Amino acid sequence: MTRQILLTLPVHKKGFHLITNKVQTAISGVIETGVLHIFIQHTSAGLAINENADPTVRHDLDMSFDRLAPENAPFYQHTTEGADDMPAHIKSVLTGNSVTVPLSSGKMALGTWQGIYLCEFRDHATPRQLVLTIIS
Amino acid sequence: MTRQILLTLPVHKKGFHLITNKVQTAISGVIETGVLHIFIQHTSAGLAINENADPTVRHDLDMSFDRLAPENAPFYQHTTEGADDMPAHIKSVLTGNSVTVPLSSGKMALGTWQGIYLCEFRDHATPRQLVLTIIS
Amino acid sequence: MTRQILLTLPVHKKGFHLITNKVQTAISGVIETGVLHIFIQHTSAGLAINENADPTVRHDLDMSFDRLAPENAPFYQHTTEGADDMPAHIKSVLTGNSVTVPLSSGKMALGTWQGIYLCEFRDHATPRQLVLTIIS
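Chain order of the listed sequences is A, B and C. Residue numbers for the first sequence follow the working numbering, beginning at 1 and rising by one. Residue numbers for the second sequence follow the working numbering, beginning at 1 and rising by one. Residue numbers for the third sequence follow the working numbering, beginning at 1 and rising by one.
Isolated chain A, as found in the complex (with noise of 0.2 Å):
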């Protein structure tokens, strides 16, 4: 059986950010065996699994995507919604826009160190929408 459930984030600042807990939570009563896909509809933003202890990592994250699509670039002409626009399209194609984990009798397989991130490229950012696809 298939099940969509939808998952408003609230308004997060510019960087990498844990919502494991939250995906959890947003699929509690799940039993099934399958995989979980995780959509965010924004071209902004992306998702993206990785470390989910030491902070730094997230801190880090954050700086080299700013190294990878810097502000500013000469030849950007998607410059009239502010100078993080284009960066934050560019970093957004590079992390994608959807995870997908695999689900063991409803739980995320996840390994020891894997947590799920939202990533979120504006400065000055809105509320993300995220569809959760159980896939079973």
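There's no promise every hint is true.
[To be verified] Residues from chain C that face chain A, not an exhaustive set, calculated with beta carbons under 7 Å:
1. Gln4
2. Gln41
3. His42
4. Tyr76
5. Gln77
6. Ile90
It should be emphasised that the hints constitute simulated quantities derived from the structure, not laboratory data. Here the structure is a predicted model, which means the values were calculated and not measured. Just so you know, even glycine gets a beta-carbon here, dropped at the ideal spot from N, CA and C.
Take the given structure of chain A and dock chains B and C to it, following the hints.
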């Protein structure tokens, strides 16, 4: 019920191109809730989801990916198929070669500003073959 | 019917490695049409799909990812686990930690030149655990 549909895209020039309508047409008649998996069977093109309105975003993405994976890097060994070939492989790994979109009663649950991109990384491309799988 | 299979990969040296045959062997006996989701339960390695023939592509990818996520960036705070550790986390976010492949009557519908890569980003890695989920 799982359905699989082949979709051949005609030749596109190098760059990021909206294919949302082509995908929507290919799955017309689908009424299920679940996910749509879109897979490109090539190693020098990719798929991504990003801004569907302002074409300058797609221009800036093309230029940014040229910066991330430049031609003629001094360490490239894979050079026999042209200066654009190895960069195309790198870009394809960065975007990924599939996207998965939630389906709600047969309709792709994209955000207001989201479109599906063919990311064509070759200067002289060939038609590209997609495999669409509907899982519900 | 959904099936889940664990696959442990032995230690690989840093770089991009073809694991298509290992995955194919692990799902032998599968006859379904649907998708195969391959997930790596680690934060300093990734999965990708790219060129399966010329090993120079894999060499050039390794070098290119070193350039995208260099060791010893002056802003890194996460430095206690070695100079290769933070770059490995960044690279893992760039490749992603799962790939999804269409299955047609149990056979992976890869393009002619596509192979599945283990992307090992640590200098001294450990065995890597994969979770394969067959959704049909």
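Taking the hints in turn, this is what the structure says about them:
{"no.": "1", "hint": "Gln4", "result": "6 Å, holds"}
{"no.": "2", "hint": "Gln41", "result": "3 Å, holds"}
{"no.": "3", "hint": "His42", "result": "6 Å, holds"}
{"no.": "4", "hint": "Tyr76", "result": "5 Å, holds"}
{"no.": "5", "hint": "Gln77", "result": "4 Å, holds"}
{"no.": "6", "hint": "Ile90", "result": "5 Å, holds"}
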